[in-house]
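So the sequence lines, in the order shown, correspond to chains H and S.
When we follow my numbering, the leftmost residue of the first sequence carries the number 1, and every step to the right adds one.
When we follow my numbering, the leftmost residue of the second sequence carries the number 1, and every step to the right adds one.
Check each hint, because a few of them may be wrong.
[As the list claims (entries may be wrong)] With a straight-line Cα cutoff of 20 Å, these simulated EDC-like cross-link-like pairs (lysine to aspartate or glutamate) come out: (1) H:K198 <-> H:D67; (2) H:K146 <-> S:E365; (3) H:K177 <-> S:D275; (4) H:K177 <-> H:D67; (5) H:K93 <-> H:D127; (6) H:K146 <-> S:D411.
Bear in mind the hints are in silico, worked out from the structure with no lab data behind them.
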Amino acid sequence: MANNETPFDPSLMDDEEPTRRDVILIAAGGFAAIGAAAALWPLLDQMNPDASALSLATTEVDISHVDAGQAITVMWRGKPIFIRHRTDTEIAKAKDTPLSDLPDQLARNANLPEDALADDANRAAKDREPWLVMIGICTHLGCIPKGQSVGDYKGEFGGWFCPCHGSQYDTAGRIRKGPAPQNLAIPPYAFASDTKIKIG
Amino acid sequence: MAHPSTYKPGSRFGAWLDVRLPVARLTHDQFLAYPTPRNLNYWWTFGGILTFMLGVQIATGIVLAMHYVPTAEGAFDSVEKIMRDVNWGWLLRYTHAVGASMFFLAVYIHTFRGLYYGSYKAPREVLWILGVLILLLMIATAFMGYSLVWGQMSFWAVTVITNLFSSLDMVIPGLGTTLVQWIWGGFSVGAPTLNRLYSLHYLLPFIIAGVVVLHIWALHIPGNNNPTGIEVKTARDVVPFHPYYTIKDGFALVVFVLLFALLVFYAPNLLGHPDNYIPANPLQTPPHIVPEWYFLPFYAILRAIPNKLLGVIALFSSIAILFFVPWLDSSKVRSTRYRPIYRWFFWAFVITCVALGYLGSQAPEGSYLVFGRICTFYYFAFFLIVMPVVGLIERPRALPGSITESVLGYDAEQPVGKVPPNPPARARAREKVL
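Taking the hints into account, I'd like the entire structure generated from these sequences.
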């Protein structure tokens, strides 16, 4: 660091061995660096979801009015949740699809182990085959896929179609075509009764 | 800085101040007497235009901030209030919105000028890198500013762009989600997101201003490049910045502002999207999401790649690659004027960028997708193949002996034998003027 032109205490240059002063300098510098890093953390962590965002983490939904072939969209943690009451043909279509046809073979179901496979039973509600509960956000770049309303274009596989970049999902919400890497995510939920779902 | 100071204080106060805070000396040396190549063309006027545009954006932005409400409930309505109720609000907002477009128009011309004349080559690499950094900061600032309107396009642009980072889940599971939720301050784009984008949108222009100071500093050390790309050799090659380039820059600025005013007063929404006059709705994605025109080429590159992570990497690489241009170009000659082969590739690159802009505005399917991929390939090939290879195999045309010779056809004080016996009358007349 110091060269001959730098005005500098020459007595310090003579010592080849580290001195007590060197140790103090490194210790003080190191301590200051740790302190600065610790002070930085609150400045960064303040951006994470705050207590009020975390507290909105459960929602109850009444599904008594949703007939077969219909779907509703509810909000949970600021995200749309797709709840679809599937018809028998839709269920059959999803069941007949071999796993090898799926770009993403994992169930992506928060209620099952992470390595569960994406067969229809692992995607649909437990013991309630017609019901499909999913986070309605395309796994590509976060758009809301079309397919919840009766008149919507549902893509080649009869499930959902994302208008942003053309991802297509089947009747079990599994990605079949387009740039999205994963099946539509399934949130943690449970049936509180025959007509009530608790999400979160 | 790089040239000897010629400042002489004109008053006793000037002399007093000069030994305490030499601002007058700085201004004189760097902006009045600053020796500038005599042959700069109008493509060199965009630096001044860009400084002006930064000033316009900061001035209009500060006053808009006096009326804007940065909350999810209030944002959209406060923008409409600015348009209808605030005195001159329509003018201020349209100037700020169209100003962003004009700013990008100027910065793209400025960047292509640097590419064409080899202004990134030694000893101007740091100058170039600072310029790319300013471009990056501008992109971030413009994106955040657009989100503040909190219309449908704003909301979904934020959703799509912040979700780019979720692709990191494909590298380390969970990392992308954690990062995106940190950016959002929630589990989706919402009120906390808008608030922080506003805070940063106010901050970044001042960071840009700081980097602009460094950019100008890095310019004034080696001095300007020029259309010939050859270095200044004698005092005959330069003219003082004032009045020669203050007037030339000023004229170009007036022409530029004419176009600016034309858009503000006659077509303020020409470059915008009607969808952004619909309030943000987190439950409905507009059928066709497109960014503002100045991001379209990058958007086309993102969509040309069918894999999410690779698409995002390509998007960021398309800008990051500019940082390496000084070391990718192997040519010894700066100016494309004297590079007969490279010139064709350069103009093909310009056309490719425009084509990508068009393709970015179209749905990514069929032939649009095919062309999008071809153009994306050439975009990167230009930097990674053309720049290193053409410089090695090309035989450049003969360079003029000096800047003055390129202007006059001869250099006045060269040995007699080298001066053409009878220089063309027009050149002699020009020399008198200069």
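Hint check results:
| no. | hint | verdict |
| --- | --- | --- |
| 1 | H:K198 <-> H:D67 | holds, 19 Å |
| 2 | H:K146 <-> S:E365 | holds, 18 Å |
| 3 | H:K177 <-> S:D275 | violated, 27 Å |
| 4 | H:K177 <-> H:D67 | violated, 28 Å |
| 5 | H:K93 <-> H:D127 | holds, 18 Å |
| 6 | H:K146 <-> S:D411 | violated, 71 Å |
Checked against the numbered hints given earlier, the structure breaks hints 3, 4 and 6 and satisfies all the rest.
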